[in-house]
Amino acid sequence: MKLQRVFALAKKNLKAVIRDPGALFMLILFPVIATMAFGFSFGTADSGQSTYQIGVVNADFSGTGWSHYLIGNLSETMILNVQNYSDINAARSDLSQGKIQAVLMIPENFGLSCNSFWDAPTNPNRWINTTVTLYLDSGSLFATQAIPTIIQQILSKTVYGVQPTSTYGPIRIGSPSLVDVSRLTTFDYFAPGFFAFFAIFSIMTVAQSFTFEREKGLLRRIRATPTSSSEFMTSQAVSNMIIAIIQVAIVFLVAVLVGYRPLGDITSFISAFIILSIFSLCCVGFGLIAATLAKSSGAATGIAFIFIMPLMLLGTFVSVGLSAIAKEAGKIVPSYYVTDALTSLFLRGAPVTSPTILLDISVVTIYSLIVLMLGIILYGKYGKT
Amino acid sequence: MAKQLNTYKVSKLINIYFGTLMTLTEAAIVIERVTKKFEDVTAVDGLSLTVDKGELFGLLGPNGAGKTTTINILCGLLEPTSGSVRVGGCDVQKEPNKVKKLIGVSPQETAVYPHLTGKENIELFANLHAMSREELKRNVDELLQKLSLRNHAKRKAGKYSGGMMRRINLAMALVHDPEIAFLDEPTAGMDPQSRRAVWDFIRELKKQNKTVLLTTHYMEEAEELCDRVGIIDNGKLISLGTPQQLKKQFNARNLEEVFLQLTGRRIREEV
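Protein chains in written order, with the working numbering: chain A, 1 to 385; chain B, 1 to 271.
None of these hints come from the bench; they were simulated from the model. Beta carbons: idealized from backbone N, C-alpha and C, even for Gly. A hint or two may mislead.
Straight-line distance between alpha carbons at most 20 Å, and here's what the computed EDC-like set of lysine to aspartate or glutamate pairs gives [as the list claims (entries may be wrong)]: (1) B:Lys-206 with B:Glu-142; (2) A:Lys-216 with B:Glu-120; (3) B:Lys-159 with A:Glu-215.
Okay, the calculated beta carbon distance ranges per label pair [unchecked claim]: (4) B:Asn-209 with A:Met-309: 55 to 61 Å; (5) A:Leu-378 with B:Glu-79: 17 to 23 Å; (6) A:Gly-380 with B:Glu-204: 53 to 59 Å.
Partner residues aside, some chain A positions facing chain B, computed with beta carbon under 8 Å [what the hints assert, rightly or not]: (7) Lys-2; (8) Lys-15; (9) Thr-225; (10) Pro-226; (11) Thr-227.
Produce the complete structure using the sequences and hints provided.
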């Protein structure tokens, strides 16, 4: 393989994007405009979620079952989504990162305290008094105002029966500790999916470029030179990886300018570039398949959307509000794993070595290689003429 | 033992000598009984032809006669249904990469990248032939000069006139200074001035002892440029010789009349 040929062809492909207003718009300007629009529209609002995450740390191992009964009652509410923690520090860390809105610490003598009440409901001297600790997101109006009341009601119902009382009994809720939380906006939730969303459009430009070159006799002309198929395909992969990297860098820059503040360190960003570069190979593969099926560059656009739509709807930020079934279906598209990995990196602040991210990268890599190979084989067999 | 060794050495020297001689004298292009069928259409029908090294050979015929199919077979872009083709001493089917290093192909359609400048288009194909930087620069500048494109070299090819586009098309084919050039209708649709410029350029290739296979349906072009011409119709070679020989043989004033006598049709009626 001669690198001179690969670089010359890759340079030609990059110039095609830079100098073609249509391709430049789809791959660079559209992502910039869309990112700005979404950033300004959703960058300052609350996330709009209808349920709230509450972390519960259960230190009660008395075996009385009261703490599990309480947790069960908390889970039954439509408004609270209970997440169990074994360690108060882990729960407080998630609270400070905005992953949950409150932490409830059930003390170790909680069960004994409940039993003491029921052994002598009218004799406070025999009660074992205890305090349930609550940590709240100081920046959330809901967390500071509503969560203590809701928890008090559920606690009373659990311990004292259907007639709740907040003034009578051995268990009280301590003054909530307010914790400063990094605010997450709708845009923060969307942003990881944005990167995959824009990369997907390269399917269309790859399909158009291959069909255009075929229509104009340019592919035939290149085939009459000593350029091998592998050199030609490598040049496509290289140029599309470069475009993906430029695209991510620009979208990221614009997102930060409109208020996006992702978690993670430099390794997270390098990993994001690598994941999207690998995903760009998948897009080249889908582009080749679309070019194989298309008779003209005009038809290539339409056929490319057969691949773009499911990748976009099931695997990017668009899929945030989808039903559980649709979300499950999303697992068949590679963009789902790209978005998932980027969400873990930037929204959850997970390290690159976390099992979720490694699994996502593995799936995207295998998927991309298979689709790319399939594209090359199909195009080589049926798409050249 | 020593005698056997000497005999072996002599026989080897003879082999090398005759092998080299064969290579030196072998025709640049040899087409033997080539047929190409596309389903029920026979585009080339039992074509046999030899083009010598340094010869400027014209393949004449109306559109659809099989000229472009023949060139595509010679470049290795199409496989013949039957028959064999050798270019530069190499079997096109068995050694396509060797052949592709020897040839330059200027296709009938102007296949240029519209978003690249004229110069960038030529440079791209120079790079595809893995030319050195110095050689690339020298050849590109020389071609731009010869084809009167220097002043337009930095304009995007998509903005070129038809004539300029065809000249770039030609330059892309010849930038690597190939031994054998396939020029498929190189002047089709050109204005007379551009056509003259291209003719001069093709004559220069001939002076450089390059082998040129030119297809055209302009009979005056063939008369003006070609050492020999082959007239092809419906995929079959119907006549072969120098323009003078053919005119004499058919008692015709020009090749147009030769074609008329051979087929009963005028070549340009079908253009």
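Of all the hints given earlier, name the ones this structure violates by number, lowest first. Violated hint (a single one): 6; every other hint is consistent with the structure.
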